[in-house]
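Peer 1: Heads up: the sequence lines are chains A and B, in that order. Numbered by the working numbering, the letters in the first sequence go through residues 1310 to 1425 in order. Numbered by the working numbering, the letters in the second sequence go through residues 75 to 188 in order.
Please note: incorrect hints may appear among the correct ones.
[Unchecked claim] List of simulated lysine to aspartate or glutamate pairs, DMTMM-like, C-alpha gap at most 20 Å: (1) B:K123 to A:E1412; (2) B:K123 to A:E1353; (3) B:K142 to B:E94.
Derived from the structure by calculation, the hints contain no laboratory data. All values reported here derive from a predicted model rather than from experimental measurement.
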Amino acid sequence: GAGVSQTPSNKVTEKGKYVELRCDPISGHTALYWYRQSLGQGPEFLIYFQGTGAADDSGLPNDRFFAVRPEGSVSTLKIQRTERGDSAVYLCASSLTSGGSRETQYFGPGTRLLVL
Amino acid sequence: AQSVTQPDIHITVSEGASLELRCNYSYGATPYLFWYVQSPGQGLQLLLKYFSGDTLVQGIKGFEAEFKRSQSSFNLRKPSVHWSDAAEYFCAVGNNNAGNMLTFGGGTRLMVKP
């Protein structure tokens, strides 16, 4: 079946602009996660949704970052006033339930964001 | 707080040789441990995971990993590497007290010589 999909695959923007990154989880998965992977590093947790609500947003670096999941399926990560330091690959993952971190998280291919 | 260290940034092995990738974690209780592989342009793919029980776990693609509590390690092994195994490998840790988040190591890039 279809895996996690993310659009766009690449995004180039200018410093100060606003960007939206989209994630389509695996159908039926109730939990959705966003991670950020900077060059040469492992993914870092940003936010986790259970259904429509953000159950844990402790990884969001500052208030320029915001994410929504209005219907409990597709999620959008929004970054305001982008900075060069926001350049990274943004990964989305989903899991069937919210059974803690025992649940296997299935990752999408990521969106590579470059802020000039 | 939980953390993961992968001491080797790059490893090069010859095709057909054995492989061991190191992973050390920091967490007070029994962690949940994972190994993921990331190929260029691909998403992270789960190789194997450990929650409890038998400390030697088998995964996909012929990989296995052994949980050693005394050494806080969860090293990944493969007896005979194939050229298609060239990729980046990430060890990750989770636990009941950290909700659903995974904490990843910095990754090890594996190169395979013909």
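Peer 1: Going back to the hint list, which numbers does this structure go against?
Peer 2: none
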